[in-house]
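With these hints in hand, go ahead and build the complete structure from the sequences.
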Amino acid sequence: SQPGKQITLRAAIQESNQLPGAGAISLPAGTFTLALSGPGEDLSAIGDLDIRQDLRIFGQGAGQTVIDADGLERVFQIFGGVTVHISDLTITGGAVVGSEDGGGIRSGGDLTLEDVVVSNNSTLDSGGGINSSGSLSLIGSVVIGNSAAADGGGIRNTGTLNGLNSEFSENSSGVDGGALVNIAQGDAVFNNVTFSGNTSGRDGGAVHNEAVLLLNSTTIAHNNAENFAGGVSSDAGSQTSIQNSLVGRNS
325 SQPGKQITLR AAIQESNQLP GAGAISLPAG TFTLALSGPG EDLSAIGDLD
375 IRQDLRIFGQ GAGQTVIDAD GLERVFQIFG GVTVHISDLT ITGGAVVGSE
425 DGGGIRSGGD LTLEDVVVSN NSTLDSGGGI NSSGSLSLIG SVVIGNSAAA
475 DGGGIRNTGT LNGLNSEFSE NSSGVDGGAL VNIAQGDAVF NNVTFSGNTS
525 GRDGGAVHNE AVLLLNSTTI AHNNAENFAG GVSSDAGSQT SIQNSLVGRN
575 S
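Under my numbering, residues 325 to 575 are what the sequence shown spells out, in order.
Hint data in this document are derived by calculation from the structure and do not stem from the laboratory. Note that the Cβ used here is the ideal one computed from N, Cα and C, for glycine as well. Accuracy of the hints is not assured; some may be wrong.
[Claimed, not checked] Label pairs and their calculated CB-CB ranges: (1) Ser361 to Gly404: 24 to 30 Å; (2) Asn568 to Ser361: 45 to 51 Å; (3) Gly404 to Val536: 20 to 26 Å.
If you want it as structure tokens, here you go:
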């Protein structure tokens, strides 16, 4: 949008989608609540906020700037081929039903979350906080209190995922991977990340891996699985590496 122009977040994203090149949206402190209902629309007019062009969105800090879907739908949908950088805000209140995945964010693009909190989002399918099939980077971010009726209470990843200096806590899944399920073509690398207080209804209280996973300098503690592996579960044929990490008090 134009420098200094003040419009609603939804209108700013709609405008950015129609302009060439990368856009930038600066959000002040406050709570931005989605209020126009209507799932199934992909131009950001109603329902979730659809991002179709490269975009940076930055707030004033995760405790100051909040984007709340208020149970309307998910918060963001990011389309393939799009590069998005979101920083210094909280993404919360997303909820999707039926076979929809990604309660807070559904991304097929190249998404970076820096100093972002993804909290209290839910889905009746997979990826309570985030469903990512593209590239996802978490830097100094927190994924907390999200839930999925199926897999991946915090994140369902089928693409490339990098986590640095981040935290997954109190996420839950009805099936596998309380915090994270990494499947299909998923390639996930974590450095200095903590998984704590996550729960799954079947396997992998913290993480369930069916693809490629590296956990380095990571803490995995106080997670719970109803069936198998309170910490990390891995299917046959997957590649799971845990290095310089603390794994304990999982059940």
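Verification of the supplied hints:
| no. | hint | verdict |
| --- | --- | --- |
| 1 | Ser361 to Gly404: 24 to 30 Å | holds, 26 Å |
| 2 | Asn568 to Ser361: 45 to 51 Å | holds, 47 Å |
| 3 | Gly404 to Val536: 20 to 26 Å | holds, 21 Å |
In the structure shown, no violation is registered for any of the earlier numbered hints.
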